[in-house]
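A.B. asks: This is what each chain is made of:
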Amino acid sequence: MLKLLQSLLLIFLTSIVFQANAASEEKPFAEQKVVLQISDADPGKQTLVLNVANNLIKAYGPDMVDVEIVAFGPGLRLLFDDNGNKGRISGLTDNGVRFAACGNTLKNVSKQLGRTPALNSHSTQVPAGVVRIVELVNQGYILVKP
Amino acid sequence: MLKLLQSLLLIFLTSIVFQANAASEEKPFAEQKVVLQISDADPGKQTLVLNVANNLIKAYGPDMVDVEIVAFGPGLRLLFDDNGNKGRISGLTDNGVRFAACGNTLKNVSKQLGRTPALNSHSTQVPAGVVRIVELVNQGYILVKP
Amino acid sequence: MLKLLQSLLLIFLTSIVFQANAASEEKPFAEQKVVLQISDADPGKQTLVLNVANNLIKAYGPDMVDVEIVAFGPGLRLLFDDNGNKGRISGLTDNGVRFAACGNTLKNVSKQLGRTPALNSHSTQVPAGVVRIVELVNQGYILVKP
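For the protein sequence lines, the chains are C, P and H, in the order given.
Each residue of the first sequence is one higher than the last, beginning at 282 in the working numbering.
Each residue of the second sequence is one higher than the last, beginning at 282 in the working numbering.
Each residue of the third sequence is one higher than the last, beginning at 282 in the working numbering.
It should be emphasised that the hints constitute simulated quantities derived from the structure, not laboratory data.
Mixed in with the good hints there might be a few duds.
Remember, identical chains collapse to one label, so a pair may be satisfied in a single copy or spanning two.
Stated by the list, open to error - The calculated DMTMM-like cross-link candidates involving lysine to aspartate or glutamate, where the alpha carbons are at most 20 Å apart (straight line), are:
no., residue 1, residue 2
1, LYS339, GLU416
2, LYS339, ASP323
3, LYS367, GLU416
4, LYS314, GLU416
5, LYS367, GLU312
6, LYS392, ASP363
This one's a predicted model, so the numbers in the text were calculated from it and none came from an experiment.
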C-alpha cells in the first residue's frame, strides 16, 4: 500500500513538473499552444494570419491559448513598422499574442534595399524564423500556416 | 502480486479507452490520420488538395487512412455548392473523406456578399477552421497543407 | 525488487531501440529532423525553401540536422533537371540535404507534356509526395512548408 502511494505521488509530481515546463511563462494557464507561420508575399495572407490568431483567442479565451506568429521570407513585411496592420498587431499583443521576426530575412532585405527597414515595436527579432518554429514545435506548439 | 495485476489491468484498460478515443468512428481500422488544409484563393490549390486526398486513399486504401479536409479563408470556396469540383468531392466522400467548412469565414463572406452562399451538402460546418485543425492534431492527425 | 529491476531494464532497452530507429542512417548524430515541403508554382517559393534549408544547416550544423525537401504538385518544378536552382541543390546535397520527387505528380505532368521531364540527379523519386511526408513525420520529422 505504501508503494502504491509512493507511485501515485511520483506520477503526481512528474505531471506537475511536466505541466510547469510545458506552459509558457507569459501564459501559465494556456492549455493550447499554436505557432502561426507567415512566409507569403500576398498581403491577403497578412489579414488571414491575423484573423486566425483572433479566432484562436475568441475560441479558447486569451489566457487559455498561447499564440506566436513567426514571420520570415516575404511574410516578414507583416512586421515592418509601416505595415497597414499595425493596429491589429497591437490589439493582438494586448491579448498576449507574440510576434517573431526572422533575422536572416531582415539581413537579406536590408542588403537589397540598401537600408534596414524598421520593425514593429511589438515584434521580437529571432536569428532564423524556421529555427524558432522548430523550437516551438519541440515545446509542444502546433504549427499552422494560414 | 495482486497489486501488480491491478496495475497491469489498469494500464490495459487505459490503453483500450485511449485507442477507442483515438480512432474515428467512421474508420475504426485507420492506421493513419491526416488533416488537409485549404486556405488559399488559387483554384489550382483546390485541384491539388483533392489530388493529395486521392493519393492518400490510393496509397493506404480507403479503410486504412482517415482524411479530413478543412477549408477556411479564401480556401472555403472549395466547399461552395457551385464549386466546379463538386463531382470529385462527392467521389472522395464515398471513400470516407470528410469536409469541414469554417463558420467564421462563412460569416465574413456572407457580410461581404450580402447573402450566405450555399455550402456543399457533403461538408460539415465547424465554428472555426483553425480550431478544428488544432482538435484533430491533438487527436493524432498529421496536418498537411498542399 | 527483482521485478522492478526487470521493468526498468525493459524501459531502458526499449528507449535505446527507439532512439536507434529514430536516427536516420545518413545522419546518425542529427538531433533535429525537418521535412520541408514545396508544392507551390511560384518560383519565389523555390528560392525560399532552399534558403530555409540553408538556414537550418547554418543554425544546427550539417551533421546535427537532417533535412529532406519533398516536392509535389507545381512544386515539383524545383527538381526538374533544367531548373535554375541546380547549383544550390547540389550545394545542399553536399551538406546532406535530401530531395524527394513525387512520382504521382511526375506521371500527371508527363501526360500533360507528352514526355517525361528529366529530374535532377540529386533527387530520389517516391511514389507519392504526401505519403513520404507522412512517413517522415511518423519518424519524428517536423514538417515546415516555407
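A.B. asks: Tell me, please, which holds for LYS367 and GLU312 at an alpha-carbon limit of 20 Å: within, between, both or neither?
C.D. replies: neither (28 Å within a copy, 38 Å between copies)
A.B. asks: If the cut is 20 Å between Cα atoms, do LYS339 and ASP323 qualify within a copy, between copies, both or neither?
C.D. replies: Neither: 25 Å inside a copy, 28 Å across copies.
A.B. asks: Given identical chains, is LYS392 near ASP363, meaning Cα to Cα at most 20 Å, within a copy, between copies, both, or neither?
C.D. replies: Within one copy, since 19 Å is at most 20 Å while 29 Å is not.
A.B. asks: When no copy is named, should LYS314 and GLU416 be tagged within, between, both, or neither for a Cα gap of at most 20 Å?
C.D. replies: Both: 13 Å inside a copy, 12 Å across copies.
A.B. asks: With identical chains, the pair LYS339 and GLU416 could be close in the same copy or across copies; at 20 Å between alpha carbons, which is it: within, between, both, or neither?
C.D. replies: between (26 Å within a copy, 15 Å between copies)
A.B. asks: Is it within, between, both, or neither for LYS367 and GLU416, if the alpha carbons may be no more than 20 Å apart?
C.D. replies: So LYS367 and GLU416 fail the 20 Å test inside a copy (26 Å) and across (30 Å) alike.
When the structure is compared with the earlier hints, violations turn up for hints 2, 3, 5 and for no others.
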